[in-house]
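There are 2 protein chains.
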Amino acid sequence: MIQEYLKLHEQEILEDLFSLLRIPSVSSDAGHHEDMLRCAACWETLLQKAGADEVQILPTAGNPVVFAWKKVNPNLPTVMVYGHYDVMPPEPFELWKTEPFEPVIKDGHIWGRGADDDKGQSFMHYVAFRYLCESGSLPCNVKFLLEGEEEISSPSLEQFCVEHRDLLACDYVLVSDTSMLSADTPSITTGLRGLAYWQLEVTSACRDLHSGIFGGAVANPINELCKLIARMQDDSGRIMILHFYDDVENVSDEEKTLISQIPFDEEQYKTDLGIRNTHGEAGYSTIERTGIRPTFDVCGIWGGYTGEGTKTVLPAKAFAKLSTRLVPHQRSQVIGKLMEEYVKQIAPDYVQVKLTYLHGAESYVCPIDLPAYKAAEAAYTKVFGKRPLPVRRGGSIGVVAVFEKVLGVKSILMGFGLESDAIHSPNENFPLFMFRTGIETITEFYGQLKNYL
Amino acid sequence: MIQEYLKLHEQEILEDLFSLLRIPSVSSDAGHHEDMLRCAACWETLLQKAGADEVQILPTAGNPVVFAWKKVNPNLPTVMVYGHYDVMPPEPFELWKTEPFEPVIKDGHIWGRGADDDKGQSFMHYVAFRYLCESGSLPCNVKFLLEGEEEISSPSLEQFCVEHRDLLACDYVLVSDTSMLSADTPSITTGLRGLAYWQLEVTSACRDLHSGIFGGAVANPINELCKLIARMQDDSGRIMILHFYDDVENVSDEEKTLISQIPFDEEQYKTDLGIRNTHGEAGYSTIERTGIRPTFDVCGIWGGYTGEGTKTVLPAKAFAKLSTRLVPHQRSQVIGKLMEEYVKQIAPDYVQVKLTYLHGAESYVCPIDLPAYKAAEAAYTKVFGKRPLPVRRGGSIGVVAVFEKVLGVKSILMGFGLESDAIHSPNENFPLFMFRTGIETITEFYGQLKNYL
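Chains V and G, in that order, give the protein sequences. Residues 0 to 452 in numbering that gives the first Met the number 0 are what the first sequence spells out, letter by letter. Residues 0 to 452 in numbering that gives the first Met the number 0 are what the second sequence spells out, letter by letter.
There is no bait here: all hints are sound.
For identical chains, the list gives no copy identity; a pair is met inside one copy or between any two copies.
In silico lysine-lysine, DSSO-like type, Cα no more than 27 Å apart, as pairs:
1) Lys70 with Lys48
2) Lys409 with Lys373
3) Lys353 with Lys336
4) Lys343 with Lys269
5) Lys96 with Lys353
6) Lys449 with Lys70
No wet-lab data here; the hints were simulated from the structure.
Here chain V stands alone, though its shape is the one from the complex:
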């Protein structure tokens, strides 16, 4: 039984996970290149130990992919586990209560960058896989594909899939990189939003100027940047990029009714996040706003004097990182063009405005009558004692759209994250009970698979 296996090997399992968590594999920072290679090598060692027949570190245009294959029987179906070994930057450091890359167990949680996203979650597949290999009870062939660029929108993965189409051939992809509604409301993500991400730069003079001597006659790039950003959404929260909503999927009344049945406590949500009120596009509920509607968020902004006290300056430049989350039928490349045209249209002629498209990802929908979805549903029902709700979530995992497009397979998003895991934030963590329950559910999924395929 998996429960006994976990108890028996707990020490070793956690030590193996910690060996991954200790590596600062931050993909968005070129300074961490060596750490990416170390992290890939660490996964290679683990997958060999688990019982894979072959493990390879394969080059891509960016960070390498770790690929593993357990060949049980060519007549059986093949499941491919997808995960990523890169993590988000740990900043701001000062808000962490523990060291981001010194994982610790405290109060029943694993604390550290990647504890959930996605080292913790993909490591649960490793444990289930190792258990099934060791107990000789794998009912299918299993592949692992672990990439190192998910947090920067997987720029190399599509090309990698095209080049290794045969090697990656499979019937379903399993992904644990999403979250559940709550610990006692299990859910499976059936939709993900896409993403388009830009940097916007406004330049006025060729150097910082004295705001007294030049202020009022020379445009201030921060004032101008703020005006541009303010023109991205109207007062009702609608995005004002022209034709932005043209391809947005109109969700049926039936699905809207299903969405409205998802248990959701808005007051609890507000309390948990410490917000005065929710806020978003007029005419939509919180679940709709984060699930079926696109968004516009400034992820970062900077310019001028940001130190202690006062400094009067008319800065030369101001910068912002802009992102939109996209819903089914919106294409990131199309949105990229629309944004370019809109910025061109609204940019004032007395400053230089530079828009750089940095990354994109496509949205995804998983039908709930898919056999593998049903196997996952049965596994959750057995382990959690409740049937999991199918929900569309707001995050983006561009690769599931790539797997569909290039490999022709659907992904099952068996995510075990919780909102309190603080992924992408300081004090990322993963509860030990969810770590164990997730491993049980994944193990059970393999058990259920034969009933549905």
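Assemble chain G onto chain V, guided by the hints.
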């Protein structure tokens, strides 16, 4: 003759100036407290060497004041030289071509933070004073008041003046902390703008959030901060704080005509600053916009992810440093209140908006029929070979309003800065020829004084 004196002592004079420039006396950063004390002590030594009868370092609520007094004859008038020994922060470091606190002479300029503002300019008074002491040709009593908080709006100086009203008694204040129109268009500043400065902070959730999971339903503090800033000015550049313009001085048509006669090459201005076009309040010229009209400038902004590449995050907080330049009759405290009310009115209720008033300074006007102004005018005319133009400039030196209010004396703003000096910016510098010409003009001012007083 002062020219010969300068040639003979050039080495020593520059070495003395460099001893001031080497001290990072950044008043806005509490970490530089020791440097403030070192800089005051350095000035004390210099003024003793120059021949002052008494030199004192006097405490204030903040950084100390250096006070010096040369008592020539109690029946003669007294001139007080005002300057400041604090400097602006050197950031951004990466744009400096030399070390900000390692002054060097290159291409006929002195390079370093404070080379002009205000160590360089106040040091010119020191040299002229020393020469006049040594040659026994001082026609009046002279005091020096050097403060260490000008760049943070002189928070302690008013109280200091009140407490030392008798010690500081004088007939005129001389200030060299402004600039001229250009090297061949000498000018004397007859007006300065006031200032009000705030920090604005927008808080949404209690921690950074995943922009995919929460984006669209939880307000983004950067989006909201930008919207607030965008609402500070309308499309014509008019400031929208209610009643902001109520006290703005209506400049007479006669003065407007004088302003329009100031030689000004808009194309050259644009080329020098590298801007596509000037931009400001509709209906006013560049000289008017920087001289007689108030402004709204964001001096700094920050929030979210500002590193390399992409990070999708819905940040918890966003910050901005806001400033307005004020014109005669506008009072910084009144503007502070108006801003507070306006922000309260426009702030959305779903985020926390915190406005902190950081500093203020009052505007100033110097009448051009003042005897001491006429002496300065005569000195410029003799040394530059041209009559200096009286101009209202956009900068703020709050203390001149304090001197008027507390000591009942007017200040003569004999500034020798040039736009190319890059004060408050990287690569601050001061041309050696202006350093010498300024010392000659100040010396000549003392010579002219007896003709006008």
